[in-house]
Amino acid sequence: MTVKTQQIDQCRWRIPREGAMRTDGLIFASPKMMEDLRREQALEQVCNVATLPGIVGPSMAMPDIHWGYGFPIGGVAAYSVDEGVISPGGVGYDINCGVRLLRSNLTAEEIRPNLGRLADALFLNIPSGVGSHRSDFKLSVNTEKQVLLKGAGWAVQQGFGGTTDLEYIEGHGVISGADPEMVSERALERGRAQLGTLGSGNHFLEIQQVEVIYDEEAAGVLGLHPGQITVSIHTGSRGFGYQVCDDYLKVMLKAARKYGIILPDRQLCCAPLQSDEARNYLAAMACAANFAFANRQMITAWVRETFEQVLGKGPDELRLGVIYDVCHNIAKWEDHTVSGKRRRLCVHRKGATRAFPPGHAEIPAAYRKIGQPVLIPGDMGRYSYVLTGTAGAYSETFGSTCHGAGRVMSRHAAKKAARGHDIIGELAARGILVRAAGRATVVEEMSAAYKDVADVVDVVQQAGIGHLVARLKPMAVVKG
Amino acid sequence: MTAGNGFRLLEHTADMGIEARAASCRELLEAMAKGLVALIFGDSPVRAMINTKLEVHAEDRVELLVAWLNEIVYWSESNNIVPATFQIEAAGDDELLATVSGEPFDPERHSLEHQVKSVTYHQVCLEETADGWYGRVYVDL
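Going down the list, the protein sequences come from chains A and B. Following our numbering, the numbering of the first sequence begins with 1 at its first residue and continues without gaps. Following our numbering, the numbering of the second sequence begins with 1001 at its first residue and continues without gaps.
Bear in mind the hints are in silico, worked out from the structure with no lab data behind them. Do not take every clue at face value.
[Stated by the list, open to error] Only pairs whose alpha carbons sit at most 25 Å apart, straight line, appear in this in silico BS3-like list of lysine-lysine:
#1 A/LYS138 <-> A/LYS150
#2 A/LYS473 <-> A/LYS313
#3 A/LYS415 <-> B/LYS1034
#4 A/LYS416 <-> B/LYS1034
#5 A/LYS145 <-> A/LYS250
#6 B/LYS1034 <-> B/LYS1053
#7 B/LYS1053 <-> A/LYS250
#8 A/LYS32 <-> A/LYS416
#9 A/LYS369 <-> A/LYS415
#10 A/LYS473 <-> B/LYS1053
[To be verified] Derived coverage of chain A by chain B (criterion: at least 3 residues anywhere in the stretch with Cβ under 8 Å from a Cβ of chain B; other residues may be distant):
#11 341 to 350
#12 399 to 412
All C-beta atoms in this analysis are idealised placements derived from N, C-alpha and C, irrespective of residue type, glycine included.
Assemble the whole structure, with the sequences as input and the hints as a guide.
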């Protein structure tokens, strides 16, 4: 299928409504990105999302768009409360996969002599890779249900971090409406073994240094300055979320038949937002989102503990505070202005980040004048970015922006390209230490497999759907 | 990307796929299962030391293919087992009964190439063609 596109400006492309599409598609991308996109099926997926009932505004894709399953990765779509649908495929298997960024009172120069020991200790203390978990942490079924209801707040109650952390997490680290009764035994079982684990694939833990500041005022508000050490945590709801998604895809396949919804791809199966099937999924999805918030909170506590042990400094000296924690696989009820009218919408962000503007009530009071922090990880060899949300994003993309670099190379192609290269050795020569459970992951996750995230945030900045604050350079990376 | 045994691993920008061809639907389901194991564990040598029965239900054959492969993912992950053989004893339009075997994952002998989040319904296909049966799935990694 050839998808027709019309260039609107240097970073916007319209896919005019045709066939079963109920609305246009809108892609944020550079001309070069669009060339690459035509070689895969992501644009068709933008069209497919536009066919679902009750879509409000265009079916959108952020500049890190790539071929997903059902929805494209980088997809944003909002559905009306009365006529719209919820689609688990529009959230993804890793419900509330997200990124947390910690600031510190340390400088790159200060920790360089201990970087190897820090990387080793983080790799040891924070379970990463398949089947890995801490022997000193076990979860009962009843306690797990508390995690599902309370999210990061549960972890803080157990001593994993402090209440201040909660102020700097999207939604204070909990999504309301969670109901553990809507979750299968199988999901509970998978979750029990995996809370407090990083996982594998593109998940990571990274020690970084602040390399460039683009907006001194915003950086100052976030407590960032050049040469400072930060820590990024990228993980989600692990097997718990995967199972919730899988369970509810089966429910939604039946629901789509029941409600007469025609699906261009079974992975887009969905149910009307006013149906029991939708309500049950949203309650289970909230459980998974809360699991992910608790997961990142626990890992944060172990990061702090590890820094204290290795560097022999106390919490007051290290000051490893949460800058922010964002979801990038989620569906949320939000109020937005559409054609001058305030409307309640279910916004699906599949590989996209909320980017609320300055002044928004859901932003921590300390950040309200600069906008919501947006955390955009790149690849392990280049850099990551800190941005803030903008009024432009709020009015054009339901307050959404990109979530990362986006792959350009398949895993097989990455393996081929890596032949003859010692990826870990080459990164070490550039001052980036990697600790990984498996070589396969490192090869597949090498820099060349991803778009240059600088190009992605450049489009975001040009389009006005995000504002650059700082660039972070990796120093040590822990991978599953 | 060919891996033999009637299946082929497919390229995808972020994830991977599996396709297979076989003379019968049962053989196709077995070939797809072997493809899944190759995707997760590469060509690790594996012995049939543990047996279990898996029973899967779905709404139609296409969904049965996804449910079957996800059942193997769950069995393997929750028991830390590398699957070895698959024998489908009964397969209809909406249910399947199989005996599967495998051995506990041993990092000395087995390599874990990819962790599978789930087998997806994206562009899933299971159909009888002029040459036999054809199946395809994409897997979220």
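Verification of the supplied hints:
1. A/LYS138 <-> A/LYS150: holds (18 Å)
2. A/LYS473 <-> A/LYS313: At roughly 23 Å apart (the allowed maximum being 25 Å), A/LYS313 and A/LYS473 satisfy the hint.
3. A/LYS415 <-> B/LYS1034: At roughly 21 Å apart (the allowed maximum being 25 Å), B/LYS1034 and A/LYS415 satisfy the hint.
4. A/LYS416 <-> B/LYS1034: holds (23 Å)
5. A/LYS145 <-> A/LYS250: Measuring from Cα to Cα gives roughly 23 Å; hence the hint holds.
6. B/LYS1034 <-> B/LYS1053: Given that 25 Å is the threshold and the Cα spacing comes to 16 Å, the pair holds.
7. B/LYS1053 <-> A/LYS250: holds (22 Å)
8. A/LYS32 <-> A/LYS416: Holds: A/LYS32 and A/LYS416 sit about 23 Å apart, inside 25 Å.
9. A/LYS369 <-> A/LYS415: Violated: A/LYS369 and A/LYS415 sit about 45 Å apart, past 25 Å.
10. A/LYS473 <-> B/LYS1053: violated (50 Å)
11. 341 to 350: With 0 residues close enough to chain B, the hint is violated.
12. 399 to 412: Check passed, 6 qualifying residues.
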